[in-house]
Amino acid sequence: MLAGFIGFVIFRVQTVLNYRWAWASIPNYILRWDPERGWVANLLLQGLATTLRLSLWSMALASLFGVLIATGRIAQNRLPRLISGTYVELMRNTPPLVLIFVGYFFVSSQLMPLLGIDAFVRGASPEVLQVISVAFGEPRLLKNFISATIVLALFEGAYVAEILRGGIQSVEVGQWDAASALGLTRWQSLRRVILPQAVARMVPPLGGQTISLIKDSSIISLISIQDLTFMANDVAASTTRVFETWITASAMYFAVCFTLSLGFRKLERRLAR
Amino acid sequence: MFRRTLLHAAGAAALVGMARPSLAATPLIDEIRSRGVLRAGLSTFVPWAMRDKQGKLIGYELDVGTRLAADLGVKYEPMPTAWDGIIPALLSGSFDLIIGGMTVTPAREQSVDFTEAYSFTGIAIVASKKVAPGLTTLEAFNRPTVTLAVRRGTGAVTLVQEKLPLATLRQFDDDAPALQEVLNGNAAAWLTSTPKPAFAAVDHPDALYLPLEKPITAQRDAMAIRKGEAATVAVLNTWIAARKADGFLAERFHFWFEQRSWLTQVQS
Chain A
1 MLAGFIGFVI
11 FRVQTVLNYR
21 WAWASIPNYI
31 LRWDPERGWV
41 ANLLLQGLAT
51 TLRLSLWSMA
61 LASLFGVLIA
71 TGRIAQNRLP
81 RLISGTYVEL
91 MRNTPPLVLI
101 FVGYFFVSSQ
111 LMPLLGIDAF
121 VRGASPEVLQ
131 VISVAFGEPR
141 LLKNFISATI
151 VLALFEGAYV
161 AEILRGGIQS
171 VEVGQWDAAS
181 ALGLTRWQSL
191 RRVILPQAVA
201 RMVPPLGGQT
211 ISLIKDSSII
221 SLISIQDLTF
231 MANDVAASTT
241 RVFETWITAS
251 AMYFAVCFTL
261 SLGFRKLERR
271 LAR
Chain B
1001 MFRRTLLHAA
1011 GAAALVGMAR
1021 PSLAATPLID
1031 EIRSRGVLRA
1041 GLSTFVPWAM
1051 RDKQGKLIGY
1061 ELDVGTRLAA
1071 DLGVKYEPMP
1081 TAWDGIIPAL
1091 LSGSFDLIIG
1101 GMTVTPAREQ
1111 SVDFTEAYSF
1121 TGIAIVASKK
1131 VAPGLTTLEA
1141 FNRPTVTLAV
1151 RRGTGAVTLV
1161 QEKLPLATLR
1171 QFDDDAPALQ
1181 EVLNGNAAAW
1191 LTSTPKPAFA
1201 AVDHPDALYL
1211 PLEKPITAQR
1221 DAMAIRKGEA
1231 ATVAVLNTWI
1241 AARKADGFLA
1251 ERFHFWFEQR
1261 SWLTQVQS
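Protein chains in written order, with our numbering: chain A, 1 to 273; chain B, 1001 to 1268.
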């Protein structure tokens, strides 16, 4: 049924579009043969590596922000509740494109000079540079990479915070009462009674959010992080093979996200036991 | 390349108060020399800048940048940047200048300084043989039944609005879908920067033709630099004048814009 539908779409595209398909130049942009170094990653695969690095660090940072904000959201004191609530609503209700664009230029022009990243990279030893290129990609672009990671994490952190808060608050109030009746402090109740139940409920939306982050990370191409989308754009413009390039890039996003999907499904099953 | 976007304006506005104060202290040209690296922003547009099969950047702007850096005695570092954010990136100090075929416009001159022009392009039209055959004047396209495909935010949009107000204007995010619309027979013609219309006519001889021999308008492309760097602009202008005089710029322009022997470096 699905195969038939896809076949029909391909047939319609062929008859409606006056487009000459030419896939020949695409594989070379994934892997290319270098006479000296053998097979090496070309633009699309390099872009995918950047996307994965960016997603990994952003998710780690977003989880940190998420925990902080969620703690503020469920606090009994009004001030942290107010601050974290404002943050979440601000992040969720403004277009990500504007946040990323303005946030990035603010972070990179105001925050980065304070951290002295450029000077650090220039004075770093070869070993340090090696570590940087494995973890963050090209050291020359480290400043941009870190700015983008922070901005993406700030944005995704708001959603992570809401998932954590939702998970915790979905546990019935009676559980808190029961825990406190047993003489547990608020922190002890959270850790020993509430969280074990809440975590199982948080995993499915967190998985969704992680996958969403990988796809959202494509808007970072606007601020010139050379991720998969940025590279695909370059390849499409250079080769004029627009459809072929984007279909290939989509397949790469799909492969990564689907693998993660399967991983999270496994994790869910284990937690449900 | 003549584009304007909302984001350009938004980003530039956001940066007005953020310009780096340290830059005013030493002229940019001295900073480049002491650093030993010239960082130049550019964006992928065939044939200004594009990727070859090895993933390396090639194109007219790369030749200009490489030669400029060599003449200054420094290393050239091209910084690929999304076009929508290229001016904000320049203002925030991500690179020293833009060598990316940027057209001089009054709006852009509000936020950056331009050098003398070092290349001259224009906007031209390529038409569908099926939908609008045999037209030889621009006026012939100025009819409500004629649909024109252009890329959003480009000089072509302004041109159509001013010179072909009666024609139906359809805007696309990129040049490729605009061309595709003409090939599919949904639009009569595509307007964009030279040399793209001429190359398209060569690529699709059965479907497309060039109604006019010359570009409709002319535009000047120049290097863009942060405001207040008069000394650096002077050095760049001297370089441009010298490379115009010895024919380097004209020769490179001919290689990238007036013939396509470079095509094998990009496509197989």
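Hints in this document: simulated from the structure, not taken from any laboratory.
As the structure is a prediction and not an experimental result, all values here were calculated from the model.
Here a beta-carbon is modelled for each residue, glycine too, at the ideal position from N, C-alpha and C.
Wrong hints could be hidden among the right ones.
As the list claims (entries may be wrong) - Chain A side only, calculated, beta carbon under 10 Å to chain B, not exhaustive:
1) Ser109
2) Ser238
3) Arg241
Structure-based check of each hint:
Among the interface hints, the one on A:Ser109 holds; its C-beta lies about 4 Å from the nearest C-beta in chain B, closer than the 10 Å criterion. Interface hint at A:Ser238: satisfied, since its Cβ lies 4 Å from the closest Cβ of chain B, which is below the 10 Å cut-off. Evaluation of the A:Arg241 hint against chain B yields a held restraint, the C-beta minimum of about 8 Å falling below 10 Å.
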